[in-house]
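Novice: Those protein sequence lines, which keep their order, are chains A and B. Take the first sequence: its position 95, counted from the start at 1, is 124 in the working numbering, and no numbers get skipped. Take the second sequence: its position 179, counted from the start at 1, is 200 in the working numbering, and no numbers get skipped.
Don't read these hints as lab results, they were simulated from the structure. Note that CB positions come from ideal geometry on N, CA and C, so glycine has one too. Mixed in with the good hints, there may be bad ones.
[As the list claims (entries may be wrong)] Cβ pair distances, simulated, as ranges: (1) B:His249 - A:Pro40: 51 to 61 Å; (2) B:Thr69 - A:Ala182: 25 to 35 Å; (3) B:Ser281 - A:His126: 40 to 50 Å; (4) B:Ala211 - A:His123: 21 to 31 Å; (5) A:Gly166 - B:Leu278: 32 to 42 Å; (6) A:Asp81 - B:Ser41: 26 to 36 Å; (7) B:Ala265 - A:Glu104: 26 to 36 Å; (8) B:Pro195 - A:Glu104: 46 to 56 Å; (9) A:Cys127 - B:Arg255: 32 to 42 Å; (10) B:Arg209 - A:Glu179: 47 to 57 Å; (11) A:Thr155 - B:Pro195: 45 to 55 Å; (12) A:Asn35 - B:Glu164: 46 to 56 Å.
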Amino acid sequence: MQLTININGKPITREVEPRQLLVHFIRDTAGLTGTHWGCDTSNCGACVVLMDGRPLKSCTALAAMCEGHEIQTVESLESSGRLDPVQQGFHETHALHCGFCTPGMLMIARALLNENPNPTEQEIRTAISGQICRCTGYKNIVAAIRWAAEHEAATKQEV
Amino acid sequence: MQTPAPVEYERAASLEDAISSLQGRGPGARIIAGGHSLIPMMKLRLATPELLIDINDLAELSYIREQGDEIRIGALTRHVELLQSDLLAERLPVFRDAEELIADPPVRNRGTIGGSLCQADAAEDLSAVCSALKATVVIRGPEGQRVVGLDEFYVGPFMTAVGEAEILTEVRIPLRPGAGSAHEKVERRAGDFAIAAVAAAVWIDGGTIVDAGIGLSALGPTTMRATHAEELLRASSPSEELFAQAGTMASEDCSPLADSRGPVDYKRHLAGVLTKRALRRASARALKQET
Ligand SMILES: Cc1cc2nc3c(=O)[nH]c(=O)nc-3n(C[C@H](O)[C@H](O)[C@H](O)COP(=O)(O)OP(=O)(O)OC[C@H]3O[C@@H](n4cnc5c(N)ncnc54)[C@H](O)[C@@H]3O)c2cc1C
Ligand code: FES
Ligand code: FES
Numbered sequence: 030m031q032l033t034i035n036i037n038g039k040p041i042t043r044e045v046e047p048r049q050l051l052v053h054f055i056r057d058t059a060g061l062t063g064t065h066w067g068c069d070t071s072n073c074g075a076c077v078v079l080m081d082g083r084p085l086k087s088c089t090a091l092a093a094m095c096e097g098h099e100i101q102t103v104e105s106l107e108s109s110g111r112l113d114p115v116q117q118g119f120h121e122t123h124a125l126h127c128g129f130c131t132p133g134m135l136m137i138a139r140a141l142l143n144e145n146p147n148p149t150e151q152e153i154r155t156a157i158s159g160q161i162c163r164c165t166g167y168k169n170i171v172a173a174i175r176w177a178a179e180h181e182a183a184t185k186q187e188v
Numbered sequence: 022m023q024t025p026a027p028v029e030y031e032r033a034a035s036l037e038d039a040i041s042s043l044q045g046r047g048p049g050a051r052i053i054a055g056g057h058s059l060i061p062m063m064k065l066r067l068a069t070p071e072l073l074i075d076i077n078d079l080a081e082l083s084y085i086r087e088q089g090d091e092i093r094i095g096a097l098t099r100h101v102e103l104l105q106s107d108l109l110a111e112r113l114p115v116f117r118d119a120e121e122l123i124a125d126p127p128v129r130n131r132g133t134i135g136g137s138l139c140q141a142d143a144a145e146d147l148s149a150v151c152s153a154l155k156a157t158v159v160i161r162g163p164e165g166q167r168v169v170g171l172d173e174f175y176v177g178p179f180m181t182a183v184g185e186a187e188i189l190t191e192v193r194i195p196l197r198p199g200a201g202s203a204h205e206k207v208e209r210r211a212g213d214f215a216i217a218a219v220a221a222a223v224w225i226d227g228g229t230i231v232d233a234g235i236g237l238s239a240l241g242p243t244t245m246r247a248t249h250a251e252e253l254l255r256a257s258s259p260s261e262e263l264f265a266q267a268g269t270m271a272s273e274d275c276s277p278l279a280d281s282r283g284p285v286d287y288k289r290h291l292a293g294v295l296t297k298r299a300l301r302r303a304s305a306r307a308l309k310q311e312t
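Isolated chain B (complex conformation) (with noise of 0.2 Å):
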C-alpha cells in the first residue's frame, strides 16, 4: 500500500493567501493542484513536501480567454476544459489534438494546465503545445508578477524558473495570423504518456513559412525545440519534402533515453515522423486545407 508521508494541509483562500503561506514556510512548502502528479510522486515517497497548499478553490485561475492578440489560459483550468474548448479548438486546434490523449478522462478531469507544465516531466503533452506556440508563463510572487518565456522556463528535468514563493498563474498565447498547429503521439496503450509526440505551429503568409515551432515530448531531458528544423522552415514553401526534412532533422537533433517505453533508435524514428506528420496537418490548417 503506497501512502504519502505525513504532511500539513492548507486551502488557499486567495492567492495573495498562497503566496505568502510559501513564502512563510521555505522549500517543504508545496502547491498542489490537481495533484494527478505530485499524489503519486508522494505515494512513491520521491516528494516529500511538509505542507501542501491546495488552490482548487481559486476559481478565478480557472478561464480561457481571447484578449487582444493573445489566447490567456488560467493556471487551474483543467484537461477536460482544454479539450471542450470550442474556443481554443478552432484558434489552436492543437490542444484539443493533444487533450485527446493526454491521460484518461478521470484524470483529464482534474490535472491542470498549471499542473503539467510546473511538473516539467519531459514526457508530458502540454509543455511541447506551449513550446511549440511560443507561449510566455505569468510567474506571480510576493514581489510581484513577471512574465517568462518558455524557452527559460524549463530548467532542467523536472525544474523550472518558477521561485520557492511562487505561483504560475497564467499561460499566455499569441494569436498570429496564418496560423496552423497540429499535435502528434504514439502512446503504448490508451491513457499513457508518450513514447513520443510532436508538437507543430507553423505561421503562412503568400505561400512561405515566415515562422515555425516544433515542441518535442519524451525526446530529451526536458521538453526540447527541434530548433535547427525550426530555421529550415523559416522562408521556404511548405512541401513534403521539406518536412520529410525537417522531420531528419529533428530525429537527429533530438536525445532520448531508453526506458520501459522504448529504445533510442525507436524514438528517434518517431521523432522523425511525427515531426514530418504534424508539420504536415499544422500546415493545411494554416492554408484552410484541413480543419
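Chain A with its partners taken away, still in its complex shape (with noise of 0.2 Å):
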C-alpha cells in the first residue's frame, strides 16, 4: 500500500506491507536510524517516538496506522547545530554510557517537559518508569531531566 507519514515535519510516501511496523518505516524505509529497535517485545522503550506529540513504542504500532498523525522522532530534537535542553541535560549530567536508550529517554523527556515543565523527581521517575537502560543507572538521567527542566525555565525568563 501506498503511505504518506509525517515524520519531523516532513511528508514521507513510500510503497509499503501494510504488516510494516512503525519503527521499520522510521529506521529502513524513512532511513532515520536514531530511533532505536531494543526488545522488539514491546518491553524496552528504547524505540519510543513521539505520535501527536505523545510517547509511542514504534515496535508496537503499524505503520500503516500511523498515517495522517505527526511523528517526531530524535533527530528533531536538535536544530542548526543547538542541542535540544533534554540533549544537552544528557550531556552535562553523564546521563548515558552505551547510548542505546537513550533515543527513547530524550523523546520521553521531551514529551514530559512539554506537558509539565517543572516535574518532581517522582514525576520524572513514573515518566521514565517504562524506558529501560543497561548501563547508566538511572540516577543520572532523573538529573539530567532536571538539568533540561531548569535551563529550559532560565531560557524562556532571558527571551
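Hints given; two lone chains; assemble the complex.
Specialist: What follows is the structure in C-alpha cells.
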C-alpha cells in the first residue's frame, strides 16, 4: 500500500506492506536510524517516538496506523547545531554510557517537559518507568531531565 | 526480528463501516484498537488475522461521562484518559488505582478499555475492575446492539461473548449510593502484568455492607469473581476480621497457574492479602474515612 507519514514535519511517501511496523518504516524505509530498536517485545522503550506529541513504542504500531499523524523522532531535537535542552542535559550530567536507550529516553523527556515544565523527581521517574537502561543507572538520567527543566525555564526568562 | 504475517489493512470511517467490513470477511477479520495486545501477538504469530479494521479514527467511541445513574465509557477510551479522569477518580477510584500500575506511560497512551476487555487475558486489570463494579458492556453487530453483563462476557481464556461481526462499543458502570472501591496489585517490576491483583467494591448503607464485588486478575484461567467472599460480606458490618475471612475465602476459591511470575501457593497467598487490603480501602472510601 502507498503510505504517507509526516516525520519531523516532512511528509514521507513510500510503498510498504501493511504489516510493516512503524520502527522499520522510520529506520529502514525513511532511513532515520536515530530511533533504536531493542527488545522488539514492547518492553524496553528504546523505540519510543512521539505521535501527535505523545510517546509511542514504534515497535508496537503498524506504520499504516500512523498515516495522518505527526511523528517526531530524536532527529527532530537538534536544530541548526543547537542541542535541545534535554540533549544538553544528558551531556552535562553524564546520563548515557552506551547510548542505546538514549533516543527513547530523550523523546520521553521531551514529551514530559512539554506537558509539565517543572516535574518533580517522582514525576520524572514515573515518566521513564517504561524505559530500560542497562548501563547508566537511572540517577543521572533523572538529573539530566531536571537539568533540562531548569535550563529551559531560565532560557524562557531571558527571552 | 519479529514481524507480523502478511495482512490487509483498512481504516473504518464509522462504526457501521467497521461492522460491515467485519461481516463481509468472516473470522479472518479483526478489529484493531490500541494494538498493544494484538500487535505483540501478531509479531509472535499467535494471531494471524487476514484483515485488520482500524477503529482509531472513531472519536465517537472515546468518552467518559455520567449519564443518569451510570458512568459510561466508550470502548476507544485509552488508559491514560482513564488515569487522568477526575470524574472517575471521584466516583470510581478503583480506576485510578489500577491505571497507575497498568503497563507504562507509552503503553497507556495507546491501549484502550475495549481492547483490554476483548483481549480477555486473565492477567489483565480492567476486567477485574469492571467485574467488581458489576459493569455491563454494549455490543453492536449487524442486527443492532445488546447489553451483556460481565459474568456472561468471559466465555473462556482469551474468549468473550463478542461475536464475529460484532464490536464492543461501551462499558456501563452502575452508580449506587454508599459505594467505595479499590485495586491492589503486586507486580515483578514497573510496567509488568500482575503476579496477582484484586479489585474490590462495596456498597455500605447505615453501617452494613449491602453488596460487594471482588474481581481477581491472574488468579484463574479467566478473570474471576470471588463469589463466596462476596456472599460472606453481604449483610455484614465492615471489620478487619471480616475482610481477613473474605481474603481467606478468595485465596481458597481462586485457581492460579504456576508460571514465570510465581508458583501457585504464592499467588494464593497474594489473593488473600490483596483481597483483604482492597476491601479495607474500598470500605474506608465508602465510609469517607479515606479518599
Ligand atoms: C508492555 C506491556 C505491558 C502491559 N501491562 C499491562 C498491565 O499491567 N495490565 C493490563 O491490564 N494490561 C497490560 N497490558 C495490555 C494493554 O493494557 C493493552 O493495551 C490492552 O490489553 C489491549 O488494548 P488495546 O486497545 O491495545 O487492544 P488491541 O491490541 O487493539 O486489541 C486486543 C483484542 O481485542 C479486540 N478488540 C479491540 N477493541 C475491540 C472492540 N472495541 N470491539 C471488539 N473487539 C475489540 C482485538 O480484535 C484484539 O483481539 C500491557 C501491554 C504491554 C504491551
Ligand atoms: S523495541 Fe520497542 S519497546 Fe523495546
Ligand atoms: S546507556 Fe546503555 S542502555 Fe542506557
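Novice: Hint by hint, note whether the structure agrees.
Specialist: Okay, the hints, checked on the actual structure:
1. B:His249 - A:Pro40: 51 to 61 Å: About 60 Å separates the Cβ atoms of B:His249 and A:Pro40, which means 51 to 61 Å holds.
2. B:Thr69 - A:Ala182: 25 to 35 Å: With Cβ atoms ~51 Å apart, the hint is violated.
3. B:Ser281 - A:His126: 40 to 50 Å: Cβ of B:Ser281 to Cβ of A:His126: about 29 Å, so the range 40 to 50 Å is violated.
4. B:Ala211 - A:His123: 21 to 31 Å: holds, 24 Å
5. A:Gly166 - B:Leu278: 32 to 42 Å: Distance hint for A:Gly166, B:Leu278 holds at roughly 35 Å.
6. A:Asp81 - B:Ser41: 26 to 36 Å: Holds, at about 28 Å.
7. B:Ala265 - A:Glu104: 26 to 36 Å: violated, 57 Å
8. B:Pro195 - A:Glu104: 46 to 56 Å: Because 50 Å falls inside the window, the suggested range holds.
9. A:Cys127 - B:Arg255: 32 to 42 Å: Because 57 Å falls outside the window, the suggested range is violated.
10. B:Arg209 - A:Glu179: 47 to 57 Å: Violated, since B:Arg209 and A:Glu179 (Cβ atoms, about 34 Å apart) do not stay within the stated range.
11. A:Thr155 - B:Pro195: 45 to 55 Å: violated, 32 Å
12. A:Asn35 - B:Glu164: 46 to 56 Å: Given about 40 Å between the Cβ atoms, the range is violated.
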